[in-house]
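> Listed below are the residues making up each chain.
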Amino acid sequence: MNAPFYKFDMFGDEFSLIVAFIIGIGFGFFLERAGFGSGRKLAAQFYFTDMSVLKVMFSAIVTAMLGVFYLSWIGFMDLSLVYLTPTYLAPQIVGGLLLGFGFVIGGYCPGTSAVACSTGRIDAMVYFLGIFGGIFVFGFVFPFVKDFYYSTPMGKITLPQWFNIPYGVLVFAVVVMAVGAFAAAEWGEKKMARKQAEL
Amino acid sequence: MSVALDEINHEAEHTHMKPQPYWNPYLSGIGLGMVLLLSYVIMGRGLGASGAMTTTAAVAVNAVAPAYAQSNEFYSEYLGDGTKSPFKDWLVFEVIGVIVGGFLSGALAGRIKMSVEKGPRVSVKYRLIFAFAGGMLMGIGAKLARGCTSGQALTGGAVLNVGSWVFMIMVFAGAYALAYFLRRQWT
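Top line first, the protein sequences correspond to chains A and B.
Residue 1 is where the first sequence starts when you use our numbering, and the numbers rise one by one after that.
Residue 1 is where the second sequence starts when you use our numbering, and the numbers rise one by one after that.
Worth flagging that the hints you see were computed from the coordinates, not collected in a lab.
It is possible that some hints are incorrect.
Restricting the straight-line Cα-Cα distance to at most 16 Å, the calculated cross-link-like pairs of lysine to aspartate or glutamate (EDC-like) are [unchecked claim]:
{"#": "1", "chain 1": "B", "residue 1": "K88", "chain 2": "A", "residue 2": "D13"}
{"#": "2", "chain 1": "B", "residue 1": "K88", "chain 2": "B", "residue 2": "E77"}
{"#": "3", "chain 1": "B", "residue 1": "K88", "chain 2": "A", "residue 2": "E14"}
{"#": "4", "chain 1": "A", "residue 1": "K146", "chain 2": "B", "residue 2": "E77"}
Computed beta-carbon distance windows for the label pairs [claimed, not checked]:
{"#": "5", "chain 1": "A", "residue 1": "M10", "chain 2": "B", "residue 2": "Y126", "range": "49 to 59 Å"}
{"#": "6", "chain 1": "B", "residue 1": "G80", "chain 2": "A", "residue 2": "F148", "range": "22 to 32 Å"}
{"#": "7", "chain 1": "B", "residue 1": "G82", "chain 2": "A", "residue 2": "A90", "range": "30 to 40 Å"}
{"#": "8", "chain 1": "A", "residue 1": "L89", "chain 2": "B", "residue 2": "Y68", "range": "22 to 32 Å"}
{"#": "9", "chain 1": "A", "residue 1": "V176", "chain 2": "B", "residue 2": "Y126", "range": "37 to 47 Å"}
{"#": "10", "chain 1": "B", "residue 1": "L108", "chain 2": "A", "residue 2": "R194", "range": "30 to 40 Å"}
{"#": "11", "chain 1": "A", "residue 1": "D13", "chain 2": "B", "residue 2": "R184", "range": "46 to 56 Å"}
Just so you know, these numbers come straight off a predicted model, no measurement behind them.
The beta-carbon is built from N, C-alpha and C at its ideal position, and this holds for glycine as well.
Full structure from sequences and hints, please.
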């Protein structure tokens, strides 16, 4: 058992920042490769004409999920040392909805807007400024929404713990669900392409 | 301003090399997943984006109104205890990497182009107003949800975090719910 390396003090904070930069390069590279520097391509997800957002997101989740699962199963990685953001159900439901609104109105999410900015998208630069505007608004009203922000706490909890079923079973269920979603996405895209060809 | 931007769009289409097609989405997704896995294995944490922007916002507020920033619980958390620069932060360095990585990929594929992403039916000005409004909603939502598509949906999704999955479902629900009303902007 020797991963996560950082948690086993294999290197210090200074080096972790270099790791952050390199991992960020990989993240940005693949986002751009997928076409996520384009707001139109991202928004097309919500009109069923190009389901790349779903395909990329779920293949990434499945890849990382299976990797984490197998690496901890063979004893290489201690899953309990991987950081979990604590769940606060109500604010995360409302936050998710607002984020979804922002996605289809603005055309990006924060990560994809960074990539779109660096490839010259002017709307993404304006969007990026908008995010700061939103953060300032949130900071300003924070004293008033603080109670809601900390409401419905569930702690650091995973789906297997919540449903009380084995981790491997849930991993399998997510894979099945993802494959089903991919098939539906391919079918939906073809159907929309036919519909648009008829117009 | 909008006239000038339309000219930029027009010119870019003629002077730049033909951009290469995007990669297969499943292939890009697997690449993204491998980067995320690597982050778990090396660091014990996933990816993020909005956190770095919050650090920048907190530093900006602190520069203008230090007393207000330090008394505000939301900002003070991102400013730290003052023993080191708030910018010496994992997410800040990661997001600088995202910008560099995106530029590299775009440059290699001939996709660097000053342009505005929009459907043919709306003006540049209309699009930019919506971009700003969408960014604001995103900023508020990401702070309320304790993360965005990167830090919550992707990162928490892969380790089966309850809040992340609920959040992800709500993002899609919210976007699909409004899509009809915004069709002029995109289609």
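> Now tell me, hint by hint, if it's right for this structure.
Now the hints, each set against the structure:
| no. | hint | in the structure |
| --- | --- | --- |
| 1 | K88(B) with D13(A) | holds (9 Å) |
| 2 | K88(B) with E77(B) | holds (14 Å) |
| 3 | K88(B) with E14(A) | holds (9 Å) |
| 4 | K146(A) with E77(B) | holds (14 Å) |
| 5 | M10(A) with Y126(B): 49 to 59 Å | holds (52 Å) |
| 6 | G80(B) with F148(A): 22 to 32 Å | holds (25 Å) |
| 7 | G82(B) with A90(A): 30 to 40 Å | holds (33 Å) |
| 8 | L89(A) with Y68(B): 22 to 32 Å | holds (31 Å) |
| 9 | V176(A) with Y126(B): 37 to 47 Å | holds (42 Å) |
| 10 | L108(B) with R194(A): 30 to 40 Å | holds (34 Å) |
| 11 | D13(A) with R184(B): 46 to 56 Å | holds (49 Å) |
Comparing the model with each numbered hint stated earlier shows that all of them hold.
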